[in-house]
Amino acid sequence: MEKFKVAVVEDDKAAAEKLRGFLTRYSEEHGVEFETTVYSDAVFFLFGYKPDFNCIFMDIDLPYLNGMDGALKLRESDPAVPIIFVTSLAQYAVRGYEASALDYLVKPYSYESFAMAVSRAIARAKTLEEGSVTVRNVEGAHRISFDSIYYVEVHGHRLLYHTDSGVVDVWGSMPDAEGALPSDRFCKCGASWLVNLSHVRSIKGDYVFVGGDSLKISRARKKPFIAALHEYIEGGGGTE
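For the sequence shown, counting from 1, position 35 maps to 390 in my numbering; every step adds exactly one.
Take these hints with a grain of salt, some might be off.
When the alpha-carbon atoms are kept at most 16 Å apart in a straight line, the in silico EDC-like pairs for lysine to aspartate or glutamate are as follows [claimed, not checked]: (1) Lys428 with Glu388; (2) Lys428 with Glu494; (3) Lys360 with Glu388; (4) Lys368 with Asp416.
It is worth saying that the hints were derived from the structure and are not from the lab.
Construct the complete structure from the given sequences, taking the supplied hints into account.
Pasting the structure below:
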């Protein structure tokens, strides 16, 4: 990634400046370029949110909407972006797991603890960037990890991403999905379905069972689909 995009959601100006200063120091020491945007409250941050941040520093004691509830709301459209809670409310640390927080910095925190958290966030963000797709619909943008996708279904001019957290409905065509997802992991079993080979449970007759659904394998796609599945398994992908 060329720049590491950071959101700081913090209503205390001094606390926000401390984070900026630590980011500058980390940049000088590690050669990472940060692009930082500061938000004074979670409501403004979430309004029109686009999942293009690599890390989010979130205070908990915020006006209008506390940071914990803001993070839970964020997870509806961006389930994987690294969140680091920065707060004096240490008693809420356990609740951080509800929002899948990467880390906790309890005020007053040291540069050393900050640097460790940022290093973890950078590593996580690089993995996320290489293993996810961003799609958009009327509700906004959604970042979906490859791991969470069972299969993609084309229906008219719409793509239905069937995931472990529900269906994401976007405008698009099958070539759009094929271009966005890795071909060594996703394979068509027919004209209407692009299947995540890592979620294939079994094949029985002309049907592939993936997630909780069974999909018809077309006659033309049966041999190449089974060959792709065998290649994926032999390559170490395995099945669930």
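Evaluated hints:
no. : hint               : in the structure
1   : Lys428 with Glu388 : violated (28 Å)
2   : Lys428 with Glu494 : holds (13 Å)
3   : Lys360 with Glu388 : holds (9 Å)
4   : Lys368 with Asp416 : holds (13 Å)
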